[in-house]
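**Q** Quick mapping for you: the protein sequence lines, in order, are chains S and Y. Numbered by my numbering, the letters in the first sequence go through residues 257 to 437 in order. Numbered by my numbering, the letters in the second sequence go through residues 2 to 220 in order.
These are computed hints drawn from the structure, not numbers from a lab. In this text, a Cβ means the ideal position worked out from N, Cα and C, and glycines have one as well. A portion of the hints provided could be inaccurate.
So, partial list: chain S residues that the calculated Cβ filter (under 10 Å) puts toward chain Y [unchecked claim]:
1. Leu266
2. Thr291
3. Arg293
4. Gly298
5. Val305
6. Gly318
Chain S stretches covered by chain Y per the calculated footprint, using a threshold of three residues with CB under 8 Å from any CB of chain Y [what the hints assert, rightly or not]:
7. 268-280
8. 319-330
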Amino acid sequence: MSCHDFQQKLALLVGDELEVNEAVAARRHIAQCPTCRETLQGLTDSRTVMRFVSETPTEISGESLWPRLRAQISPATLVPPRRGYPSWMPTATLAAACVALLIFVGSTPIIDGQSEPGSFVDSSFGANFDPATDVSEYRDFGNLPRTEFSMNPGFLAVNADPRSSLPQVYRRDNLDPIDEL
Amino acid sequence: MILMSKNEAGTTDLEESGVTLSDARLVEDVRRGDKDAYGGLVTRYERRLIGVILRFVHDTELSRDLAQETFLRAFERLDQFDPSRRFGPWLFRIGVNLALDYLRRRKRRGWTSLFSESASEKSPDPSSADPRHEIDLRQEVQHVLEQIPEKYRKVLILRDLENFSTSEIAAIENRKEATIRWRLAEARTRFQKLWEKRNLDQDVVDTFLGDEEFTDELS
Numbered sequence: 257m258s259c260h261d262f263q264q265k266l267a268l269l270v271g272d273e274l275e276v277n278e279a280v281a282a283r284r285h286i287a288q289c290p291t292c293r294e295t296l297q298g299l300t301d302s303r304t305v306m307r308f309v310s311e312t313p314t315e316i317s318g319e320s321l322w323p324r325l326r327a328q329i330s331p332a333t334l335v336p337p338r339r340g341y342p343s344w345m346p347t348a349t350l351a352a353a354c355v356a357l358l359i360f361v362g363s364t365p366i367i368d369g370q371s372e373p374g375s376f377v378d379s380s381f382g383a384n385f386d387p388a389t390d391v392s393e394y395r396d397f398g399n400l401p402r403t404e405f406s407m408n409p410g411f412l413a414v415n416a417d418p419r420s421s422l423p424q425v426y427r428r429d430n431l432d433p434i435d436e437l
Numbered sequence: 002m003i004l005m006s007k008n009e010a011g012t013t014d015l016e017e018s019g020v021t022l023s024d025a026r027l028v029e030d031v032r033r034g035d036k037d038a039y040g041g042l043v044t045r046y047e048r049r050l051i052g053v054i055l056r057f058v059h060d061t062e063l064s065r066d067l068a069q070e071t072f073l074r075a076f077e078r079l080d081q082f083d084p085s086r087r088f089g090p091w092l093f094r095i096g097v098n099l100a101l102d103y104l105r106r107r108k109r110r111g112w113t114s115l116f117s118e119s120a121s122e123k124s125p126d127p128s129s130a131d132p133r134h135e136i137d138l139r140q141e142v143q144h145v146l147e148q149i150p151e152k153y154r155k156v157l158i159l160r161d162l163e164n165f166s167t168s169e170i171a172a173i174e175n176r177k178e179a180t181i182r183w184r185l186a187e188a189r190t191r192f193q194k195l196w197e198k199r200n201l202d203q204d205v206v207d208t209f210l211g212d213e214e215f216t217d218e219l220s
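Please construct the entire structure, taking both the sequences and the accompanying hints into account.
**A** So, in structure tokens, the structure goes:
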């Protein structure tokens with residue numbers, strides 16, 4: 257590891273924020289590197305100044321904020337937590353529709369090894385259709401029980417973590433994206 | 002029965018049958034419409050919050066006002082708070098962001114910090130050691146900190162001036178701890194360089210001021 261690599265470690269060493277093995281490696285390097293020793297001394301000095309300012313008592317006087325706040329807030333201001341319609345519902349609905357479509361397309365009859373083009377519905381269907389005169393003859397589809405639908409949550413590309421599909425070597429789960437550093 | 006008691010740190014704990022109520026329990030009570038439960042959260046966090054905001058705005062009255070605004074906003078957004086997380090970091094995030102927003106607005110208006118630094122400073126006490134050194138040093142540190150980009154400055158203030166741990170800062174910033182450590186290292190390095198430069202500049206000025214020929218030329 258070069259001196260440049262150690263610069264960042266030194267800045268954490270002064271605050272005792274390195275892991276034990278990192279600290280040992282850093283101290284070993286410092287013992288034989290005058291440049292890093294000098295850098296560490298500078299960091300220690302500037303941090304001492306910060307500690308001094310930190311420990312200088314600051315006058316925070318005055319009454320509690322609560323009496324004034326109590327007069328300003330009312331439980332009506334508080335919006336109750338949203339219930340009944342979770343944010344993932346539209347995505348799940350869309351996913352369910354997509355899966356249903358795939359099943360539908362997948363169930364297209366195969367004739368002589370080829371998918372039947374156009375309509376696969378028997379053209380004679382409905383030719384002899386005799387509509388009911390009494391609406392009660394129709395089943396009430398609205399009252400049919402909804403079937404449980406389960407699916408693999410990772411199926412949805414929309415919600416899936418794009419990094420999760422990457423090989424382990426590309427994962428940087430312990431760091432935010434580089435532009436946010 | 003709910004009792005209020007002062008603990009050693011000077012903050013107030015809410016106790017129910019001798020058990021200190023957790024933040025999560027108080028938040029839940031507030032959400033159910035118990036307005037006074039919010040008082041428990043306010044008294045628990047107000048001093049620390051005012052102290053943290055003061056590190057950014059350097060004005061006691063202003064930091065009290067911003068802390069008040071922070072508690073108001075937190076109350077109004079309590080529905081957005083994830084109860085599986087800690088209340089403290091969420092509150093400090095709102096407070097720090099409010100303080101930084103205030104500073105940005107003030108900067109846009111061209112307001113210099115020259116007029117806002119005195120309120121937090123105590124008047125000199127003749128019986129104690131000369132306080133000017135402390136005040137000067139604080140102002141100089143503040144001046145150097147202002148030259149550091151906001152995202153690094155924020156982490157440096159929270160860690161080295163307010164003693165939050167890196168994991169607490171990660172929770173406040175809603176970032177991974179590795180990111181906070183990286184920023185902290187960068188912030189300390191930048192501060193050190195600026196601090197050394199400032200000392201060097203000061204030495205140059207002192208040298209010139211000590212030079213009689215140079216001061217004669219000036220006069």
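**Q** Hint by hint, where does the structure go against what was stated? Just the numbers, ascending.
**A** Result: hints 2, 3 break, sorted rising.
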